[in-house]
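Enquirer: Each chain, letter by letter, is given below.
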Amino acid sequence: MIYNIPFIAVAALIMIGLYAVIFKRNLIKMVIGITLIESGVNLFLITLGYREGSTAPIYTNSPGGVMSLPVPQALTLTSIVIGVAVLALMLSLIIHIYRHYGTLDVRKIGREDEE
Amino acid sequence: MNIEHLSQTLLTHSPALIVAVPLLGAFLTPLISRINDKLRNVFVILTAGLTGFLVLLLSYDVLINGNIHTYIFGSQDIGSPVVRILFEVDGMNAFMIIIGAILVFVAVVYSWAFMKENTGLDKYYTLILLMAAGMFGMMLTGDMFNFFVFLEITSISSCALIAFWTNKGKAVEAGFKYIVISTIGALFILLAIAILYGQYNALNMAVLADSIQYTFLDKIAFVLLIAGLAMKAGIVPMHMWLPDAYGRAPSSVTIVLIGTTQASLYALFRVCFTIYGNSLTAPLKQIGSVTITLNGLLGTFIVMLAIITIIVGVFMALKQTNFKRIIAFAAIAEIGYIFLAVGAGLWALGSDHGMMALKGGVFHIINDALDVGLLFLVAGAIYYATKETSLNRMGGLARNMKYTTIFFLIGLLAVSGMPPMNGFASKLLIYESIYLINPILAIVAILCSILLLAVFVKVFYSAFLGPKIPRFNDVKEVPKSMLIAMGLIACVIIFFGLFPDLIVNNIVEPAANALANNSNYISQIVGGS
Amino acid sequence: MITWESFLETFETGSGFWNPLIWITAIIVAFLIIYILRGYGKKEYKENTEQTKVFLSGNPEYEKEQMHIKGSNVYWGFTESLKWVYKTLDKMHTGNVSDYILWFVIIMGILFILVGVI
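Residue numbers (my numbering), protein chains in the order written: chain F, 1145 to 1259; chain A, 4 to 532; chain P, 2 to 119.
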């Protein structure tokens, strides 16, 4: 049972992140929600590679014993870097939006007539 | 080293070169733009031209001669178990990269004159070449996580390009909406890839296709992949980012954005037909005397969504008054046609009219990209000449801009499926094969095609016909580079329309055969070779 | 391989066929007939008299900007009679990005139920 706790945490993070994106009106809170979903997915990737009683997979001449899988750790590093780039882009776009409209409410921006 | 040896070497390395040449060009562009502006434009056009030449070389070998190319990064042999990243090019991949090459070359030629008065152009050209590299990577790869990385590269660079005109608030807001939608879709796709990796210890598409049994976790991964990729491709009711993103971006960016949307649609078909291909015809449940299989269930769902997409796209397009938003809604309706044909092909998998529907759907991918691309270029030309985007303030432009009117007429006939353009050939295939499955679907499809003609006749009347308005007295024809770009696409449209049998037999049929039958794709990597 | 004869073949679907070159030849012949018939019409008219002015059933002619029907008024009959469809569609297309993700979650839920239960 105790080995299932990371998976329950993943499901909880993704649900809370989706709730923040769908039901909150502030743009910054939406970005925080996206960061939560991304943290959940990264945690899921790392948990897939864990083996019970294992050491870190960083040895060339290993002292014996079980090592956890290195491939999901590489995938997670790539995903974290992509997440940082996307977060920086979203925040700089929010700065531009605030300079134009003066508000961060998602129901009030972009309401100009399409004429 | 003679020509034969050189061309053979280029052909062997071309899957990697098609991604590497735009990437290298993207990193060299800011350096070259410090020297001179015109030199940078010529350099970007040469890069796009070199990529197009490599694409033609590779796709000629794959489509006409029928070989499947694999390119393994880091070694010569595949080894077992498969651990290296590899690109695998079969008929469907070669079909998609032809579309990408035409669209990128036309966009770069068009932006010579269209973007001339803007500042920050070195970043613009860098981002367009990065977007091209990401798009080609999405279309060529044979590895699931590599697909996710290229998807994110493409969406980040397209978001920055959609928000290019930062002096207007609307474009920045459209870019923000696009990046939120794109990131959430990509994160759910990554979740599905992680579930599949955890089960089978494989990230390669061919190895996954060989070893999938349809367990409960596989069902979850299937649903996540289809929903995420459908949102990126613009299927109703997840389509609402498309009019904002297509309508507020510069026109040369929109035409490459069409290519990336088609690449997500291609990935959806690859997941349905190739990766889950072996479990498509296995029976799931028996109710009375009716056996429910996965392809019947999925085909019915896809056909229902596609009919709603066509109807909503056409009805919303009839009401708009912004030039580019009308064309964006028509693009949604055309994606609905592709989805309808492929869904019907999935439902009737293996039979004759199912194969015909699949051929019609695959042929319509390239027709849709070319036709809607030409219409967006004309919209950009009118914005360049008159600085107006609303249909309420235009009129009588056919006297001053003769060539633009002819190109718009060609695009109008092609989008609504009138002979002798290429839209008619692919829509004829779709109508005839859908009619054999259910007549009501064919009736709805033909009616909505007529309504699409009504939409574009409205645009043609409001913008080009009418009396001579004194405000537009000194509107001149657009510069030559934009006319050359539009003329290139119009020539390809007319060529595809005049010789449809040649195109379907040589280009579309290998692609449709590669989709319907995944054994060649698998046996190239696992078992056999 | 691609031969020169394959440019002229007829495109066959399962239950029909379409050959655009024959269609173009037919259209050119039809246009020739129309052009010849047009040549039988009257050619004389008097310039700069009443014969060349615009006739609007006796109504006065306004300036050119007001005579052209604007883009949003072109299909007024269609949009007016289908107001019930457009009211639903307009409520769907709100414009905030949270609603877009809500639709995504709804479609994912429907697909889960379909694939999981059946």
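Read the hints as simulated data drawn from the structure, not as lab findings. Misleading hints may appear alongside valid ones.
What the hints assert, rightly or not - Under the rule of at most 25 Å between Cα atoms (straight-line distance), these lysine-lysine pairs were calculated in the BS3-like manner:
#	chain 1	residue 1	chain 2	residue 2
1	F	K1168	P	K92
2	A	K471	P	K54
3	A	K173	A	K41
4	A	K41	F	K1252
5	P	K84	A	K471
6	A	K322	A	K222
7	P	K92	A	K322
8	A	K222	F	K1168
9	P	K71	A	K479
10	F	K1252	P	K54
11	A	K405	P	K65
12	F	K1252	P	K88
13	P	K88	P	K71
14	A	K322	P	K47
15	P	K84	A	K322
16	P	K88	A	K471
17	P	K92	A	K471
18	A	K171	F	K1252
19	F	K1173	A	K173
20	F	K1252	A	K173
21	A	K390	P	K71
22	A	K390	P	K65
23	A	K479	P	K47
24	A	K288	A	K119
25	P	K54	A	K173
26	A	K126	A	K222
27	A	K405	P	K71
28	F	K1252	F	K1173
29	A	K171	F	K1173
30	A	K322	P	K54
Enquirer: Given the hinted pair A/K322 and P/K47, is their alpha-carbon gap at most 25 Å?
Expert: violated, 44 Å
Enquirer: Between the alpha carbons of A/K405 and P/K65, is the straight-line distance 25 Å or under?
Expert: Within the cut-off at roughly 20 Å; holds.
Enquirer: Within 25 Å, alpha carbon to alpha carbon, are P/K84 and A/K322?
Expert: holds, 11 Å
Enquirer: Hinted pair, alpha-carbon criterion (25 Å max): F/K1252, F/K1173. Please report holds or violated.
Expert: holds, 16 Å
Enquirer: Decide if the proposed pair is consistent with the structure: A/K479 and P/K47, CA atoms, cutoff 25 Å inclusive.
Expert: At roughly 33 Å apart (the allowed maximum being 25 Å), P/K47 and A/K479 break the hint.
Enquirer: Is it true that the CA of A/K126 sits at most 25 Å from the CA of A/K222?
Expert: violated, 43 Å
Enquirer: Between the alpha carbons of P/K88 and P/K71, is the straight-line distance 25 Å or under?
Expert: holds, 22 Å
Enquirer: Measure nothing beyond the straight line between the CA atoms of F/K1252 and P/K54; if it is 25 Å or shorter, mark the hint as holding.
Expert: Status violated; Cα separation ~52 Å.
Enquirer: Are the Cα atoms of P/K92 and A/K322 separated by 25 Å or less?
Expert: Since the Cα atoms of P/K92 and A/K322 sit roughly 14 Å apart, the hinted pair holds (cutoff 25 Å).
Enquirer: Holds or violated: A/K390 with P/K71, Cα cutoff 25 Å?
Expert: holds, 17 Å
Enquirer: Check whether the Cα positions of A/K288 and A/K119 lie no farther apart than 25 Å.
Expert: Not satisfied, since the Cα-Cα distance of roughly 62 Å exceeds 25 Å.
Enquirer: With the threshold set at 25 Å, check whether the alpha-carbon distance from A/K171 to F/K1173 stays at or below it.
Expert: holds, 24 Å
Checked against the numbered hints above, the structure breaks hints 3, 4, 5, 6, 8, 10, 14, 16, 17, 23, 24, 25, 26, 30 and satisfies the rest.
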